[in-house]
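Work the whole structure out from these sequences, hints included.
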Amino acid sequence: MTTIHPVPNEKQIHQIFAMLFGSDIRLNPGEPAPTDDASSMFAVFINDEGKQVTACVCDHHFTAYAGSALTKIPVDSAEDASNTGKYTPMMLNNLHEIMNICSRLFMNNSSPHLRLDKVFANPDAARGVLDGCQGRVDFTVSIPGYGDGVLSFLCT
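Numbering (the working numbering), first residue to last: 6 to 161.
Think of the hints as simulated: they come from the structure by calculation, not from any bench. Check each hint, because a few of them may be wrong.
In silico lysine-lysine, PhoX-like type, Cα no more than 20 Å apart, as pairs [claimed, not checked]: (1) Lys123 x Lys56; (2) Lys77 x Lys56; (3) Lys91 x Lys123.
Distance ranges between label pairs, derived from CB positions [stated by the list, open to error]: (4) Arg109 x Arg132: 20 to 26 Å; (5) Ala43 x Gly137: 31 to 37 Å; (6) Gly150 x Glu54: 36 to 42 Å.
Everything numeric in this text was worked out from a predicted model, so none of it was measured. We put the CB at the ideal spot given by N, CA and C, even for glycine.
Structure, rendered in structure tokens:
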């Protein structure tokens with residue numbers, strides 16, 4: 006299906022994540038991140054009119070590991086958060102920064118501008134994109150020294 010914003014590809018995502026987490030990061034096509042799990046996180050991106058146009062869905066493992074790896078939060082804390090779905094404020098702030106950087110993955114020379122609106126724990130906050138999804142890619146992301154998590158990119 007055709008989308009207004011490009012669906013990022015594995016190479017583009019790897020380039021961004023290698024800058025954040027090191028070149029040993031691995032991405033493999035995977036299952037969609039769960040949208041009905043209370044510990045999943047939803048990054049919603051909006052256009053200049055304030056309409057939801059793209060989203061990232063992060064499972065609890067990706068949230069914990071990526072949110073920890075960015076600022077080298079100890080692995081034990083990351084594993085605890087991965088197991089419980091209870092994140093520290095620093096992990097959530099780091100995830101917000103990662104998602105903000107990911108906004109560039111949804112844009113190219115011919116696509117309209119977008120920006121990260123918010124990162125939510127509530128799937129209803131991302132309902133506009135979840136219900137209107139026209140394109141998506143799903144990856145298992147292996148973050149060196151931390152672990153594997155699932156990340157989905159959705160476009161309307």
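How the hints compare with the structure:
A C-alpha spacing of about 12 Å is found between Lys123 and Lys56, which places the hinted pair at or below 20 Å, so the restraint holds. For a cut-off of 20 Å, the pair hint linking Lys77 to Lys56 is broken: about 34 Å separates their Cα positions. Our distance criterion of 20 Å between C-alpha atoms is met by Lys91 and Lys123, whose separation comes to about 18 Å. For Arg109 and Arg132, the Cβ-Cβ distance of about 24 Å falls inside the hinted range of 20 to 26 Å, so the restraint holds.
For the hinted restraint 31 to 37 Å between Ala43 and Gly137, the CB-CB distance of approximately 23 Å leaves it violated. For the pair Gly150 and Glu54, the supplied restraint of 36 to 42 Å holds, since their beta-carbon distance comes to about 41 Å.
Hint compliance for this structure: hints 2, 5 are broken, all remaining hints hold.
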